[in-house]
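Protein chains: 2
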Amino acid sequence: MSSTATTSATGSADSYTPTDRTVPTRSRQRASYDRALVHAILDEGYVCHLGFLRDGAPVVLPTLYGRIGERLYVHGSTGSRPLRMAGVPAPTPDTDAETDTGLPVCLTVTHVDGLVLARSAFHHSLNYRSVVVHGTAHQVTDPEELRAALDALVDQVVPGRAADSRPADAKELAATAVIRLDLEEVSAKVRAGGPNDDAEDLTLPHWAGVVPVAPRTGTPVPSADLDPAISLPAYLTAL
Amino acid sequence: MSSTATTSATGSADSYTPTDRTVPTRSRQRASYDRALVHAILDEGYVCHLGFLRDGAPVVLPTLYGRIGERLYVHGSTGSRPLRMAGVPAPTPDTDAETDTGLPVCLTVTHVDGLVLARSAFHHSLNYRSVVVHGTAHQVTDPEELRAALDALVDQVVPGRAADSRPADAKELAATAVIRLDLEEVSAKVRAGGPNDDAEDLTLPHWAGVVPVAPRTGTPVPSADLDPAISLPAYLTAL
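Here the protein sequences line up with chains A and B, keeping their order. Take the first sequence: its position 204, counted from the start at 1, is 204 in this note's numbering, and no numbers get skipped. Take the second sequence: its position 180, counted from the start at 1, is 180 in this note's numbering, and no numbers get skipped.
No lab work stands behind these hints, which were simulated from the structure alone. Incorrect hints may have been included.
Some chain B residues judged to face chain A by a derived CB distance under 8 Å, without partners named [unchecked claim]:
hint : residue
1    : 51
2    : 165
3    : 208
Values in this document were obtained by computation on a predicted structure and should not be read as measured data. Even for Gly, the Cβ is constructed at its ideal location relative to N, Cα and C.
Model the full structure from these sequences, guided by the hints.
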């Protein structure tokens, strides 16, 4: 998405400042606070797993997100669980922003890159890249920000698509809620490379290596009711 | 993995009993409690997003899981965050199971099946299948259950692999912690099919349909130090 080089309240232009909860207890060498790496991981995906509390218990739901600079936007209707549970008011013209105390969340994006098969069961692993964002999400109430967020959400899934669809009308905007999460307390974690077998296992008769994994997009399937005169747009053939 | 038709404490042989937190607030028609569907979604994956609390705030981390009947096993070293945060003791021969108060978790598995492009930005969606499990996770301390869980974790990633690797030795078992989560409070959610455009949008000049998405495994890459006499096992060519 946008690569605007906004600097957040915490961290330098190049990296986020580590905090207690973004420094892992294990495999610290895999953690990174590099802003460009975090952006790249986020921009490669469109589904996050959003964690929040409901009645004091954790809830994790998959949902769409979009990035604009140092902000993530997460989609949901005004009736959706995260927003209702937070007591976040529905977006009405007279919503008082001060009543929005926010929703403590943890937003995680993960890409699996490979299955790491070691000679020993113990050293089996995955190659992956993940980003974990901690923070407090707030509802987007400014109409202009809401429109920009919706465009970002659509373009996160298929870059270029927002401009080639009917924009939300007033009724749809009122039925849509988007929450905003600033990229401040953020870390990336990356595991790459082959298996780390113990030296004494190297002669064992088991195959060892990496099976690459990546998402594949198939041939687009037009709706049955699509006008046959409408051909596949370039942004889809490029996928 | 195993499709043992164990019936859990809640629910029938065919389905899980819905609870307050497994009935969604929206799109209830997409929710399912069908046991076979839940198992199928779980068995197709190996990465979950595990949510738990740390200092009262939500944390969501990607991690490996395996299924044996009506139990999920989640992997972590004894130093890993979920286990330490729960105050769950490390597995020692004299661990008293009663000191394990358990870790409230939410475990979510998601498969993205397609990008749903509607004429209107508002009706853009994803086709997906997800499973959300709520419950309290407990550390596995029984050595036999621990070994079975580790096999399940390896076989969840590559079926057949556990038998073709060196099993964990006593030292590795001691350095590994696995938590167990019973499948009791469980729901699946499925979105399939084309876009649901409003009737008045059907003549708009925008392409509409579904772009299929699926994970693809590439050609396995042997370790540089692999004995060239060891050929690719059948369970990998089958992937």
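Per-residue hint verdict: residue 165 of chain B, partner chain A, C-beta under 8 Å: holds (5 Å)
Cut-off 8 Å, beta-carbon criterion: hint that residue 51 of chain B touches chain A:
Holds, about 4 Å.
Exercise. Holds or violated: residue 208 of chain B as interface residue toward chain A, Cβ cutoff 8 Å?
Worked result: holds (4 Å)
Hint check: no violations occur; every hint is consistent with the structure.
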